[in-house]
Amino acid sequence: MTGFRALQIAEFSALSETWLELLEITASVKRKIEGYTAIELIAGKQLY
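In my numbering, the protein residues as written are 2 to 49.
The hints are simulated quantities; they were obtained by calculation from the structure and are not laboratory data.
C-beta atoms are modelled at their ideal positions from N, C-alpha and C, and glycine is treated no differently.
Misleading hints may appear alongside valid ones.
[As the list claims (entries may be wrong)] Listed next, with one range per pair, are the computed distances between beta-carbon atoms:
{"no.": "1", "residue 1": "Glu12", "residue 2": "Lys46", "range": "43 to 53 angstroms"}
{"no.": "2", "residue 1": "Arg6", "residue 2": "Ala39", "range": "45 to 55 angstroms"}
{"no.": "3", "residue 1": "Val30", "residue 2": "Leu8", "range": "30 to 40 angstroms"}
{"no.": "4", "residue 1": "Arg6", "residue 2": "Lys46", "range": "51 to 61 angstroms"}
{"no.": "5", "residue 1": "Trp20", "residue 2": "Ile40", "range": "22 to 32 angstroms"}
{"no.": "6", "residue 1": "Phe5", "residue 2": "Ala39", "range": "47 to 57 angstroms"}
Work out the full structure: start from the sequences and follow the hints.
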């Protein structure tokens, strides 16, 4: 039972690390998109 519990904890910590990595990737992609949007808006204002 103790070994099984340790396995569950190990799986959970691995899963939460994966989730954290996904959240970080999502956040950085979102920042890039927002950055590009801001650049496009600035460029668009200069064009018109």
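Structure-based check of all given hints:
no. : hint                                 : verdict
1   : Glu12 with Lys46: 43 to 53 angstroms : holds, 51 angstroms
2   : Arg6 with Ala39: 45 to 55 angstroms  : holds, 49 angstroms
3   : Val30 with Leu8: 30 to 40 angstroms  : holds, 33 angstroms
4   : Arg6 with Lys46: 51 to 61 angstroms  : holds, 59 angstroms
5   : Trp20 with Ile40: 22 to 32 angstroms : holds, 30 angstroms
6   : Phe5 with Ala39: 47 to 57 angstroms  : holds, 51 angstroms
Every hint from the earlier list agrees with this structure, and none is contradicted.
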